[in-house]
Amino acid sequence: GAVVSQHPSRVICKSGTSVKIECRSLDFQATTMFWYRQFPKKSLMLMATSNEGSKATYEQGVEKDKFLINHASLTLSTLTVTSAHPEDSSFYICSARDLHRGPGNTIYFGEGSWLTVV
Amino acid sequence: QKEVEQNSGPLSVPEGAIASLNCTYSDRGSQSFFWYRQYSGKSPELIMFIYSNGDKEDGRFTAQLNKASQYVSLLIRDSQPSDSATYLCAAWYNNNDMRFGAGTRLTVKP
Numbered sequence: 001g002a003v004v005s006q007h008p009s010r011v012i013c014k015s016g017t018s019v020k021i022e023c024r025s026l027d028f029q030a031t032t033m034f035w036y037r038q039f040p041k042k043s044l045m046l047m048a049t050s051n052e053g054s055k056a057t058y059e060q061g062v063e064k065d066k067f068l069i070n071h072a073s074l075t076l077s078t079l080t081v082t083s084a085h086p087e088d089s090s091f092y093i094c095s096a097r098d099l100h101r102g103p104g105n106t107i108y109f110g111e112g113s114w115l116t117v118v
Numbered sequence: 001q002k003e004v005e006q007n008s009g010p011l012s013v014p015e016g017a018i019a020s021l022n023c024t025y026s027d028r029g030s031q032s033f034f035w036y037r038q039y040s041g042k043s044p045e046l047i048m049f050i051y052s053n054g055d056k057e058d059g060r061f062t063a064q065l066n067k068a069s070q071y072v073s074l075l076i077r078d079s080q081p082s083d084s085a086t087y088l089c090a091a092w093y094n095n096n097d098m099r100f101g102a103g104t105r106l107t108v109k110p
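Residue numbers (the working numbering), protein chains in the order written: chain A, 1 to 118; chain C, 1 to 110.
Same shape as in the complex, but just chain A:
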C-alpha cells in the first residue's frame, strides 16, 4: 500500500489565491521530504528539499516566497503556492525517504496533486 499520502489529488483555484498541498508519510518518520513539479510529458523537477524543524532548501530558480514549504512534524510537510497564477498549473509531487524500507536511500512518492489555476 501507499507509504506516502498526498492531498488534495486535484485542486482548482482562482488566480491570485493560495493553495496548500499536504504530504504525509504513513507509518514511518520522514526527516526529509522532497517536492517536485512535473509538466505534461516532462521529467520531474526538484523544487525543494524539506527538512523537519528547519528551513527548506530550494533549487535554483524556485521562488521560496511563492512556494512556501513547512515541515513541522516528522510525518507532514506542506507546500503552499501563494498568489497562484495560471503558469503555476502543474502536477506537484512529494516524496519521502524511509530509512527502514529497502536500502537507506529508497524514496517513495505521494500520489501527486494536480493544480489548475484559472
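In short, the hints are calculated from the structure, not lab data. Note that the coordinates shown come from a computational prediction; the quantities given were computed from them, not determined experimentally. It is possible that part of the hints are untrue.
[What the hints assert, rightly or not] Using 30 Å as the maximum straight-line C-alpha spacing, the simulated DSSO-like pairs for lysine-lysine come out as follows:
| # | chain 1 | residue 1 | chain 2 | residue 2 |
| --- | --- | --- | --- | --- |
| 1 | C | K109 | A | K64 |
| 2 | C | K42 | A | K41 |
| 3 | C | K109 | A | K41 |
| 4 | C | K109 | A | K66 |
[Claimed, not checked] Far from chain C, by Cβ distances over 10 Å, these chain A residues were calculated:
| # | residue |
| --- | --- |
| 5 | S15 |
| 6 | T17 |
| 7 | V19 |
| 8 | L26 |
| 9 | K42 |
| 10 | Y58 |
| 11 | G61 |
| 12 | A72 |
| 13 | S73 |
| 14 | T78 |
| 15 | P86 |
| 16 | T106 |
| 17 | L115 |
Ideal placement from N, C-alpha and C gives every residue a C-beta, glycine not left out.
Based on the hints, put chain C in the right spot on chain A.
Structure of chain C alone, referenced to chain A:
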C-alpha cells in the same frame, strides 16, 4: 555535473518481447540506483533498486549495474501492454541529493 541520462524514446516493443531500458550517470560518487515506473497522470512508483555491480532480478524485471561504465539498465521480460509507461532512472549522490533522468516512454503493442 551530476546528471542522469536516458533515451527519451519512445521505445516500442511487441507483447511478449524483452524491453531494454538504459541509463547512464555522470558522477562516480553515486551509490544507489532506482527504477521507477510512471503512468500518464500518475505519480512514479518504485520498481527496483540496485547498488551492487551485476544483475538483480525481481519477477519479470532485471536491473543491471556496471559502475565502471556508469551504466544502469532495466530489462522487462515478457512485456505486457500494461507495462506501457514512462520509466525513470534515478541515482543518489548523497543523503539528500537524488537525481532523475528524463524518463523513457515504453509502448508495448498487443
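For each hint, the structure was consulted:
A hinted pair counts as satisfied when its Cα atoms are at most 30 Å apart, and K109(C) with K64(A) does not qualify at roughly 44 Å. Taking the CA atoms of K42(C) and K41(A), the gap is near 12 Å; set against the 30 Å cutoff, the hint holds. Taking the CA atoms of K109(C) and K41(A), the gap is near 20 Å; set against the 30 Å cutoff, the hint holds. A C-alpha spacing of about 43 Å is found between K109(C) and K66(A), which places the hinted pair above 30 Å, so the restraint is violated.
The beta carbon of S15(A) sits about 23 Å from the closest Cβ of chain C, which is more than 10 Å, so the claim that it is off the interface holds. With a closest Cβ-Cβ approach of about 24 Å to chain C, T17(A) is found to remain outside the 10 Å limit, as its non-interface label requires. Interface exclusion of V19(A) from chain C stands, the closest Cβ pair being 18 Å apart, more than 10 Å. Taking the minimum C-beta to C-beta distance to chain C, about 14 Å, the non-interface status of L26(A) holds against the 10 Å cut.
Distance check for K42(A) against chain C: the nearest CB is about 8 Å away, which does not clear 10 Å, and the non-interface claim fails. No Cβ of chain C approaches the Cβ of Y58(A) within 10 Å, the least distance being about 13 Å, so the stated non-interface status holds. Residue-level check passed: G61(A) sits 16 Å from the nearest beta carbon of chain C, beyond 10 Å. No beta-carbon of chain C is positioned within 10 Å of the beta-carbon of A72(A); the least distance is around 19 Å.
Consistency note on S73(A): stated as away from chain C, and its beta-carbon is indeed over 10 Å from all of that chain's, at 19 Å minimum. Non-interface status of T78(A) relative to chain C is upheld: no Cβ of that chain comes within 10 Å, the nearest being about 17 Å off. Non-interface call for P86(A) relative to chain C: holds, since the shortest CB-CB distance, roughly 19 Å, exceeds 10 Å. Against chain C, the non-interface label of T106(A) is violated: not every CB pair exceeds 10 Å, the least being about 6 Å.
Remark: the non-interface label on L115(A) is consistent with the geometry, its nearest Cβ contact in chain C lying 13 Å away (cut-off 10 Å).
In the structure shown, a violation is registered for the earlier hints numbered 1, 4, 9 and 16, in ascending order.
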